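So in our numbering, spot 75 of the sequence shown is number 75, and the numbers just go up one at a time.
For the record, the hints were derived by calculation from the structure and aren't laboratory data.
Note that the coordinates shown come from a computational prediction; the quantities given were computed from them, not determined experimentally.
Some hints here could point you the wrong way.
[As the list claims (entries may be wrong)] Ranges of calculated distance between the beta carbons of each label pair, as one might list FRET restraints: (1) Glu75 to His129: 15 to 25 angstroms; (2) Leu39 to Ile124: 51 to 61 angstroms; (3) Gln144 to His32: 30 to 40 angstroms.
[Said to hold, decoys possible] Taking lysine to aspartate or glutamate and the EDC-like style, the derived pairs with C-alpha atoms no more than 20 angstroms apart in a straight line are: (4) Lys155 to Glu105; (5) Lys115 to Glu140; (6) Lys164 to Asp120; (7) Lys155 to Asp125; (8) Lys35 to Glu7; (9) Lys164 to Glu121; (10) Lys115 to Glu131; (11) Lys164 to Asp114; (12) Lys35 to Glu46; (13) Lys35 to Glu19; (14) Lys65 to Asp87; (15) Lys65 to Asp80; (16) Lys35 to Glu62; (17) Lys164 to Glu131; (18) Lys65 to Glu96; (19) Lys115 to Glu165; (20) Lys164 to Asp125; (21) Lys115 to Asp125.
Even for Gly, the Cβ is constructed at its ideal location relative to N, Cα and C.
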Amino acid sequence: MTFERIEWIEFRDLAPEPERKTTGKRAVSARHCPKCGWLDAERAVECFRCGFNFIVENRDLEFFKVHQIELPSTELYIDDGYQKLLDGRRHDPSPEGYALRLRSEGMNLVQGFDKLISLDEVSIDRYPHQERAVLTALNEMRGQVLLADEVGLGKTIQAGLILKE
């Protein structure tokens, strides 16, 4: 038979904290973007509207202001070499070229997969959860997934079906 020993730790009564007086100013948990003026949360890393990075860009600006360093004006050079490439591109006016182009554009309009078409070509035992995972990977993630679940549930089969589709 074991005996349990219970010890009580006694604390002295703590005095209640005095009420704080308010100065009339409210605490604001938001800040304005210095670039576009958008009001964002204080914890936001970048501006929702323009993408201004609050962490990096503010730190750099403050450094230059504190050390009174004047930044040179920004000069942009735009290489228009791509324009020559686009101007030199020609469309194939032949009926075969048009039909090929029409067919390829039609394939781009396919929304997703309603059913797996490679199931008739593969001779493997598969389960419904594997087919659902493959359909989800193809429809929602365009096949770019990391398959991770318990051991033995068929990740290899799922990966093979995704590649086959």
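Cross-check of the supplied hints:
The hint said 15 to 25 angstroms for the Cβ distance between Glu75 and His129, and at roughly 58 angstroms that hint is violated. Distance hint check for Leu39 and Ile124: the Cβ-Cβ separation is about 55 angstroms, which falls inside the suggested range of 51 to 61 angstroms. Distance hint check for Gln144 and His32: the Cβ-Cβ separation is about 37 angstroms, which falls inside the suggested range of 30 to 40 angstroms. For the proposed pair Lys155 and Glu105, the alpha carbon gap of about 33 angstroms is over 20 angstroms, so the pair is violated.
Of the pairs offered as hints, the one joining Lys115 and Glu140 holds, with about 14 angstroms between alpha carbons and a cut-off of 20 angstroms not exceeded. As the CA atoms of Lys164 and Asp120 are separated by approximately 11 angstroms, the hinted pair is consistent with the 20 angstroms bound. A distance of roughly 13 angstroms separates the Cα atoms of Lys155 and Asp125; the hinted pair therefore holds under the 20 angstroms criterion. Taking the CA atoms of Lys35 and Glu7, the gap is near 61 angstroms; set against the 20 angstroms cutoff, the hint is violated.
About 9 angstroms separates the Cα atoms of Lys164 and Glu121, which keeps this hinted pair within 20 angstroms; it holds. About 9 angstroms separates the Cα atoms of Lys115 and Glu131, which keeps this hinted pair within 20 angstroms; it holds. Note on Lys164 and Asp114: the hinted pairing holds, with a Cα-Cα distance of about 15 angstroms set against a maximum of 20 angstroms. The suggested pairing of Lys35 with Glu46 holds, with an alpha-carbon distance near 11 angstroms, which does not exceed 20 angstroms.
In summary, the hint linking Lys35 to Glu19 is not supported, as the alpha carbons are separated by about 40 angstroms, beyond the 20 angstroms threshold. Restraint check for Lys65 and Asp87: not satisfied, since their Cα atoms lie roughly 46 angstroms apart, outside the 20 angstroms limit. Between Lys65 and Asp80, the direct Cα distance comes to roughly 36 angstroms. Violation of the 20 angstroms bound is thereby established for this hinted pair. In summary, the hint linking Lys35 to Glu62 is supported, as the alpha carbons are separated by about 14 angstroms, within the 20 angstroms threshold.
Pair hint Lys164 plus Glu131 holds up; C-alpha atoms about 13 angstroms apart against a cutoff of 20 angstroms. About 64 angstroms separates the Cα atoms of Lys65 and Glu96, which puts this hinted pair outside 20 angstroms; it is violated. Between Lys115 and Glu165 the alpha-carbon distance is near 10 angstroms, which keeps this suggested pair within the 20 angstroms criterion. For the hint linking Lys164 to Asp125, the alpha-carbon distance of about 15 angstroms falls within 20 angstroms, and the restraint holds.
Proposed proximity of Lys115 and Asp125 is supported: the alpha carbons are some 17 angstroms apart, at most 20 angstroms.
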